[in-house]
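Those protein sequences? They're chains S and W, same order as listed.
First residue of the first sequence? That's 1 in the working numbering, and the numbers climb one at a time after it.
First residue of the second sequence? That's 1 in the working numbering, and the numbers climb one at a time after it.
All the pointers check out, no bait thrown in.
Now the in silico label distances, taken between C-beta atoms and shown as ranges:
(1) W:28 x S:162: 39 to 45 Å
(2) W:55 x S:86: 25 to 31 Å
(3) S:63 x W:42: 43 to 49 Å
(4) S:64 x W:78: 44 to 50 Å
(5) W:55 x S:96: 33 to 39 Å
(6) W:38 x S:161: 56 to 62 Å
(7) S:109 x W:43: 34 to 40 Å
Quick partial rundown of chain W residues pointing at chain S, CB under 7 Å, derived from the structure:
(8) 15
(9) 17
(10) 82
(11) 84
(12) 93
(13) 94
A few chain S positions that, by computed beta-carbon distances, are all more than 10 Å from chain W:
(14) 12
(15) 66
(16) 94
(17) 109
(18) 130
(19) 178
In case anyone wonders, no lab produced these hints; they're calculated from the structure.
C-beta: ideal position from N, C-alpha, C; glycine also.
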Amino acid sequence: MNVNGLTIGDTAPALTLPGTDGADHEIGAADASEATVVYWTCNHCPYALAWEDRLHDVSRDYANRGVRVIAINSNDAESHPADSFEAMSGRVEREGGWPHPYLHDESQAGARAFGAKATPDVFVFDRDLHLRYRGAPDADYGDSGENAAWLRAALDAVLEGRDPDPAETEPVGCGVKWK
Amino acid sequence: MPWVAADIQLLWWRGCPSWERALAMLGEEMTAHGLDKERLEVIEIEDEAAADRLGFPGSPTILVNGVDIQPPDPQQAVGLTCRVYRRRDGRVSPLPDPEDLRDAFARMER
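Given the sequences, and given the hints that come with them, work out the whole structure.
Take a look at the structure:
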């Protein structure tokens, strides 16, 4: 699948997707957030699973600084049933709830619009919804001590009005499962 | 050097980036156990047909004497996917626990 995707400075595409919480969530529309994190994840990929707790910690740690976090699963559920909407909902329930919405991108329009390549693949937008960071949460899926350091540094920079450095890293994980 | 049969196999698929770390881990542990590198066979699984033929449960898969070092669930489908391993501390990982590899080598030596 060839996707063009976003580059640093681009505006977040407008999307409305259903969440496991039963609500529809809008992305790319102006709100009161100081920054927005959108990341692709899924239920079956070991890289996404290894990083998930670190991403949830970021969501909790930055909630009171006005940061909105959204997780999206775009994988083809026909080839990967573990990534069906029902399986997503079941997982969130089993885990006692997530600190942020977990959205289903059944048409894969979101993944194409953003250019999501892998799970996980992280996008950080500023308050004007311009892309400021894109890539991996940190340098090592195997080391929980990394604590999503690249993502946290990018958020700190955006919240303080600086440019993240680096602004881009290479996403590491399983490829998005296209239809 | 005498011919040595490969009795350790790394099966990998390029869609999962952890195979290089798996190869490095194998190399380190084989050295630590005094195992000749000639005993390692590295096999790239290139398509679904090969995955079906070899019963490939995902990348990376390490076999010692034909036995998976962390045998997958019998219901686990075969195919081109990334394997989910459970480390001994309970963490989910794209790589097996090195202890599983050490145990497999220890069984081989008995």
